[in-house]
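Positions -23 to -1, 1 to 248 (mature numbering (1 follows the signal peptide of the UniProt record, and there is no 0)) are the ones given, in order, by the sequence shown.
By construction, these hints were calculated from the structure, which means they are not laboratory data.
A portion of the hints provided could be inaccurate.
Stated by the list, open to error - With a Cα cut of at most 27 Å, we get these calculated DSS-like pairs of lysine-lysine:
| # | residue 1 | residue 2 |
| --- | --- | --- |
| 1 | K103 | K77 |
| 2 | K127 | K102 |
| 3 | K232 | K21 |
| 4 | K137 | K176 |
| 5 | K242 | K230 |
| 6 | K173 | K68 |
| 7 | K230 | K77 |
| 8 | K103 | K229 |
| 9 | K67 | K21 |
| 10 | K72 | K21 |
| 11 | K23 | K236 |
| 12 | K214 | K56 |
| 13 | K229 | K72 |
| 14 | K72 | K215 |
| 15 | K60 | K21 |
| 16 | K214 | K77 |
| 17 | K77 | K176 |
| 18 | K68 | K176 |
| 19 | K68 | K40 |
| 20 | K229 | K21 |
| 21 | K121 | K72 |
| 22 | K176 | K121 |
| 23 | K173 | K60 |
| 24 | K215 | K102 |
| 25 | K121 | K103 |
| 26 | K56 | K77 |
| 27 | K102 | K25 |
| 28 | K127 | K173 |
All values derive from a computational prediction rather than experimental measurement.
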Amino acid sequence: MFKSKTSKIAGVLLLSASMLLSACGKGGDKETSGSAKNALEQIKSKDKIVIGVKYDTRLFGLKNPSTGEVEGFDIDISKELAKDLVGDAKKVEFKEVTSKTRIPMLNNGDIDAIVATMTISEERKKEADFSDVYFDAGQSLLVKKGSPIKGLEDLKKGTKVLAVKGSTSAINISQKAPDTTVLEFENYTEAFTALKAGKGDALTTDDSILYGMVDQDSNYELVGGTFTDEPYGIAVKKGNEELVDAINSALKKMKENGKYDEIHKKWIRSN
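Whenever a hint applies, use it, and build me the whole structure from the sequences.
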């Protein structure tokens, strides 16, 4: 009788252990499956790509107040990416980013990629993975026509230079002209408005972005040429090599079939 009772208890314990292992196995498989699904597969699965773009950068990413649509070089490049990755240029969702918010939004999973005049740098490579260079820019200075500032050498003590938070431009100008007072703003619209209001003597960022400001108001001009190299890349969350490869493939196709040149000619002014 004791043996029989012992056997029954052992059987119950064995069955319980088996059920527990089975349950853990199912949960584990599900978790493994979810984590193994890389960014490119997720994009294809949801049948759209979510891209972080600027809404305040004329020629690259600017929200048109009359249509509510965001337009520019980065926008058209993004549409071509969507066409290549998910088969339709319309299968792209745009979310506004700034220089300060774009990497946090990427790492939080709010966006799949950043196409937002973003310079590839060694520091940023620690936080995100980048595509090949898709646009070459250089940092410059924007001043009101007639300004005594003609280049970096004119940025003396007491000179106020406006820049945008989270941009490499603010860091660069502090290094290139250490006696200058640098005032940082949330976005380019605020910075340009401040320059026009006389709150600063010059505004600094990439020449490509400054050309958009000149296009908006011809009372301003670029001076001094460029003093940095600013290669723009498309950023994705770290570890997503498949997505980087797919983006690079799409960029290569754009350049080979003439679409890149078409977009460049549509938006970018040389002066």
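We went through each hint and held it up to the structure:
Pair hint K103 plus K77 holds up; C-alpha atoms about 16 Å apart against a cutoff of 27 Å. With a CA separation close to 34 Å, the supplied pair K127 and K102 exceeds the 27 Å bound. With a C-alpha separation of about 23 Å, the suggested pairing of K232 with K21 holds against the 27 Å cut-off. Annotation: proposed proximity of K137 to K176 holds, straight-line Cα distance about 8 Å (limit 27 Å).
At most 27 Å may separate the alpha-carbon atoms for a hinted pair to count; K242 and K230 meet this at roughly 17 Å. At roughly 38 Å between alpha-carbon atoms, K173 and K68 are farther apart than 27 Å, so this suggested pair is violated. Restraint check: the Cα-Cα separation between K230 and K77 comes to about 31 Å, which exceeds 27 Å; the hinted pair is violated. With a CA separation close to 25 Å, the supplied pair K103 and K229 stays within the 27 Å bound.
Note on K67 and K21: the hinted pairing holds, with a Cα-Cα distance of about 14 Å set against a maximum of 27 Å. Taking the CA atoms of K72 and K21, the gap is about 19 Å. The hint holds against a cut of 27 Å. Distance restraint check for K23 and K236: the Cα-Cα separation of roughly 26 Å lies within the 27 Å cut-off, and the hinted pair is therefore satisfied. At roughly 20 Å between alpha-carbon atoms, K214 and K56 fall within 27 Å of each other, so this suggested pair holds.
Proximity of K229 to K72 is assessed by CA-CA distance (about 25 Å); at most 27 Å being required, the pair is judged to hold. Of the supplied pair hints, the one linking K72 and K215 holds, its CA atoms being roughly 20 Å apart against a limit of 27 Å. At roughly 12 Å between alpha-carbon atoms, K60 and K21 fall within 27 Å of each other, so this suggested pair holds. A hinted pair counts as satisfied when its Cα atoms are at most 27 Å apart, and K214 with K77 qualifies at roughly 16 Å.
Between the alpha carbons of K77 and K176 the distance comes to roughly 22 Å, so the proposed pair stays at or under 27 Å and holds. Of the pairs offered as hints, the one joining K68 and K176 is violated, with about 42 Å between alpha carbons and a cut-off of 27 Å exceeded. About 18 Å separates the Cα atoms of K68 and K40, which keeps this hinted pair within 27 Å; it holds. For the suggested pair K229 and K21, the alpha carbons sit about 20 Å apart, so the restraint of at most 27 Å is met.
For the suggested pair K121 and K72, the alpha carbons sit about 32 Å apart, so the restraint of at most 27 Å is broken. At roughly 12 Å between alpha-carbon atoms, K176 and K121 fall within 27 Å of each other, so this suggested pair holds. A hinted pair counts as satisfied when its Cα atoms are at most 27 Å apart, and K173 with K60 does not qualify at roughly 40 Å. Between the alpha carbons of K215 and K102 the distance comes to roughly 8 Å, so the proposed pair stays at or under 27 Å and holds.
Simply put, K121 and K103 have alpha-carbon atoms about 37 Å apart, too far for the 27 Å limit, and the pair is violated. A distance of roughly 24 Å separates the Cα atoms of K56 and K77; the hinted pair therefore holds under the 27 Å criterion. For a cut-off of 27 Å, the pair hint linking K102 to K25 stands: about 25 Å separates their Cα positions. Between K127 and K173 the CA atoms are separated by roughly 18 Å; this keeps the pair inside 27 Å, and the hint holds.
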